[in-house]
Amino acid sequence: MPNNTLLNIENLEQHFPIKGGFFGRTVNHVKAVDGITFEIKEGETVAVVGESGCGKSTTGRAILRLDEPTNGKVEFQGKDVLSMSKDEMRKMRKDMQIIFQDPYASLNPRKTVRQTLWEAMDIQNVVPRKERNQRIVELMETVGLQRHQIDRYPHEFSGGQRQRIGIARALSVNPKLIICDEAVSALDVSIQAQVLNLLKRLQKEFGLTYLFISHDLGVVRHIADRIIVMYLGKIVEIGDTEAIFNNPQHPYTKALLSAIPVPDPRNKSQRIFLRGDVPSPINPPTGCRFHTRCPFATDLCRTDEPHLEQKNPEFDGQHEVACHFALDIQSGKHEAQYEMYNVREVLDDEAEDATTAEDEAFSKTEK
Amino acid sequence: MSNVQPSQVPVQKPANRRVENFKDFFSKLKKNKAALVGLYVLIFFFFVSIFGALDSNYHFLGVNSNATNLTDKLLGPSAQYWFGTDHLGRDIFYRILHGMYITLGVGFAATFMAALVGVPIGIIAGYYGGWVDTVIMRLMDILLAFPGILLALAIVSVLGGSTINVTIAIAIGALPQFARIVRGSTLTTKKLEYVDAVRALGARDGKIIFQHILPNIMSPIIVNTTIFIATAILSAAGLSFLGLGVQPPTPEWGAMLNDGRNYMYQAAHITFFPGIMIVIVVLAFNLFGDGLRDALDPKAKK
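Sequences listed follow chains Y and H, in order. Number 98 in the UniProt record's numbering belongs to position 98 of the first sequence; there are no gaps in the numbering. Number 45 in the UniProt record's numbering belongs to position 45 of the second sequence; there are no gaps in the numbering.
With the rest of the complex left out, here is chain Y (with noise of 0.2 angstroms):
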């Protein structure tokens, strides 16, 4: 595999404005992406994960200028994206394509396969006028369709079909690096295999790079080559992929883990189970943004940030996180401040009492 970067990215921020008041001012920002830095290698296949609002959407949005960032550097082949003039960056999505998560949603209702991938060869201009429809034909080959459904409209394909036109939209102008938003989430998990197969082979074929948005971690540890895990707008883990599945050291990545089905019914893994929920990225906590559900977090956390670092210096890969206490509680020296596989459990027990508690008051009235 070349090891050149294709895509580089420093530090990148993106804080929507929240507007209120009498005039419209800006009141508060919602700090989606919170200065994220990572790269990407020629041919290799990034996951980003993470639960949702984490901002995994805003970031490949945010590369690709859908949505203009706020701050930071987006390097594409050594060339900076983010200070393009609208001409540049018009030449530029000729390389950059992306797959939407709702196949009904991404498509134009009212134009043909045909039409739809006219026009993006059209927009690029990529392809000869006279050999387009015979680009069109093999392009709906390679993602799978029939040379028959060329001139259907969207309403007459199923979901996982309009998602091959997606893909088949995204390759016609042969692009470098696609990101996948949610690209199989809303399929069938048959269809989802189907559709990840192809998304492999078209890599294989066409040395395709991917970024890959997805909050499933099967899927993920299917395709990805590397993951990075994300929360509220900050890296927390990223490392390979065998890596990460294998030894996680995030506590957060631990409990995003666990939450993993298991196909077998008699064996219970041991979940953690979070307490609380994902605060505000309007006003993120300070230090350590897991603190406030974080079973192992110490008031060192609640002031300093923890910075990504590669903790395991024998491990020859990358595996980099970032949490004070990644080795230590590793090794056992740090522990948890609270049990934190039983808390479901504690909560279930809770619930029991306050019914039978319920149900004496219950009788006593009767008698």
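Because the hints were derived from the structure by calculation, they are not lab data. Please note that the accuracy of each hint is not assured.
A short, non-exhaustive set of chain Y residues, derived as facing chain H with CB atoms under 8 angstroms [said to hold, decoys possible]:
#1 64
#2 93
#3 102
#4 106
#5 120
#6 123
#7 127
#8 169
#9 173
#10 174
#11 176
Beta carbons: idealized from backbone N, C-alpha and C, even for Gly.
The hints should help you fit chain H onto chain Y, whose structure is shown.
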């Protein structure tokens, strides 16, 4: 065997599909009896208007609809004068048929003008947002703050009373409505992922607006247009009734209502027939507009 005549398939399909889509739309419209009645009435009126517009010098199909006959004045409906005669002995039936083109013409022209200006304004406000949106929509709010008839009155009294000025006045009053509806639809449509997809492909704003947003907001525009024609006709009749619109002796329905006002007790038919015709036209447009809305609603597809 499966790849028989692959070249013919793409050539024929698109034309067929468009026809099929139209058939689908029309079959839905046909189920709505009221809308169909509205449509037939409008088609009939439309042909009558053509004759009215072609015959100049107050003639309708060879009959002078402006011929006075003082011996036959204020007669009620009879076999000779179907809708009776007015205070100058003019045949109301012919005057109504003759005046149809003015009524429909003002309605169509005013709505068309309002749409022609209002739709681009709404799209620009909705698509670009920010201060452009604020400035445009606050201007529209100012227009909207005046009651429609008052605004039209003011404009007509400045420009002077004539058919064209009445049309302009009504169009200006209708502008904010169009701008608002179009802006709202644009806002929802531009957030859809297919618009993002063409943006990610590097499409220019013009292409996005004309090929992706406009075709997808056509149905609210069409429906609103149909229903607004009815309102425009009412406003035009109202202005003529107040003496600000089309000047007599042009057989405009609102002006005819005004003519009959003094004879309301002796000869009610002079006001009744033009009045009922206005009601019928407005009703026909409303029924048809409602039917259009149901037939064009993509959520009700099949």
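Outcome of the hint check:
Satisfaction of the interface hint for residue 64 of chain Y is found here, the shortest Cβ-Cβ separation to chain H being roughly 5 angstroms, below the 8 angstroms cut-off. Using the Cβ-Cβ criterion of 8 angstroms, the hint placing residue 93 of chain Y at the interface with chain H is satisfied: the shortest such distance is roughly 4 angstroms. Evaluation of the residue 102 of chain Y hint against chain H yields a held restraint, the C-beta minimum of about 6 angstroms falling below 8 angstroms. Nearest Cβ of chain H to the Cβ of residue 106 of chain Y: about 4 angstroms, under the 8 angstroms cut. The hint holds.
Interface restraint check: residue 120 of chain Y against chain H, minimum CB-CB distance 5 angstroms, threshold 8 angstroms, status holds. Evaluation of the residue 123 of chain Y hint against chain H yields a held restraint, the C-beta minimum of about 5 angstroms falling below 8 angstroms. About 14 angstroms separates the beta-carbon of residue 127 of chain Y from the nearest beta-carbon of chain H, more than 8 angstroms, and the hint is not met. The beta carbon of residue 169 of chain Y is positioned within 8 angstroms of a beta carbon in chain H (closest approach about 7 angstroms), and the interface hint is therefore held.
At a threshold of 8 angstroms, the smallest CB-CB gap from residue 173 of chain Y to chain H is about 7 angstroms, leaving the interface hint in force. Nearest Cβ of chain H to the Cβ of residue 174 of chain Y: about 12 angstroms, over the 8 angstroms cut. The hint is violated. Evaluation of the residue 176 of chain Y hint against chain H yields a violated restraint, the C-beta minimum of about 14 angstroms exceeding 8 angstroms.
The structure fails to meet hints 7, 10, 11 from the earlier list, while all remaining hints are met.
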